[in-house]
Amino acid sequence: MKTIKVLGTGCSKCNVTYQNALEAVKRSGIEAEVSKIEDIMELMELNVLTTPVLMIDGVQYIKGRVADVKEIMDLIAK
Amino acid sequence: MENQTLVTEICPTTTQSWVKNGALILDVREKDEVERLRFDVPNYHHIPLTEFEDRFQEVDPNQEIVVVCRSGGRSLRAAGFLVNHGYPKVVNMKHGLIRWVEKGFPTKGDVNEVLPASSSSCCSTDGKTGCC
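Just so you know, the protein sequences line up as chains A and B, in that order.
Going by the numbering used here, the first residue of the first sequence is number 1, and it counts up by one from there.
Going by the numbering used here, the first residue of the second sequence is number 1, and it counts up by one from there.
Keep in mind that the hints were calculated from the coordinates and are not lab data.
You may find that some hints are simply not true.
To be verified - Simulated crosslink set (DSSO-like; lysine-lysine; CA at most 27 Å straight-line):
id	chain 1	residue 1	chain 2	residue 2
1	A	13	B	31
2	A	26	A	78
3	B	108	A	63
The shape of chain A in the complex, shown without the other chains:
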């Protein structure tokens, strides 16, 4: 099962990315756990600078912008 995390401070872009991640998982039909990380200490420990960050299985793929559904699906399929 893949683990998808959206790292952010709760801003609108972070929320959009989170919703896109949920939609991407739904369309892909794969098993994945999608969560939001908003705690500032966790963000600092993960060296997050610009938000949102899309992290899949521990790898930060997209930083500082909204990831759209299609590109999240592509990343999930890797």
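We have chain A already, so just place chain B on it with the hints.
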């Protein structure tokens, strides 16, 4: 933003003391923000947060560094990033430029960039250091 485990936070008044002792003010706001209003301090460096990962090594790790931004959120993340990369003398200035301006500390540019803003709260969180 009250967790002090990784990064120590200081208020603008304490930052003034650090400035007098030669600390570097490291501003992580974006370029357009800095063009409108900047900190008027002698030892100042600007690295936008969007460029920070590529440029943070411009800063001497042996120097005392106060990371600043508009309200203290972005600078906290940047300060944590520096600490994680072995910078031992890094603090974050909480409440950022907004509180700095409210306190009447020196700036260059249009202070309306950050005012008006609520200034009713005290920056002390431990009840010991008094309001700054």
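*Do the alpha carbons of residue 108 of chain B and residue 63 of chain A lie within 27 Å of each other, as the hint requires?*
Not satisfied, since the Cα-Cα distance of roughly 32 Å exceeds 27 Å.
_Restraint status (C-alpha distance of residue 26 of chain A to residue 78 of chain A at most 27 Å)_ = 16 Å, holds
*Is the Cα-Cα distance between residue 13 of chain A and residue 31 of chain B 27 Å or less?*
It holds: about 21 Å lies between the C-alpha atoms, which stays within 27 Å.
The structure fails to meet hint 3 from the earlier list, while all remaining hints are met.
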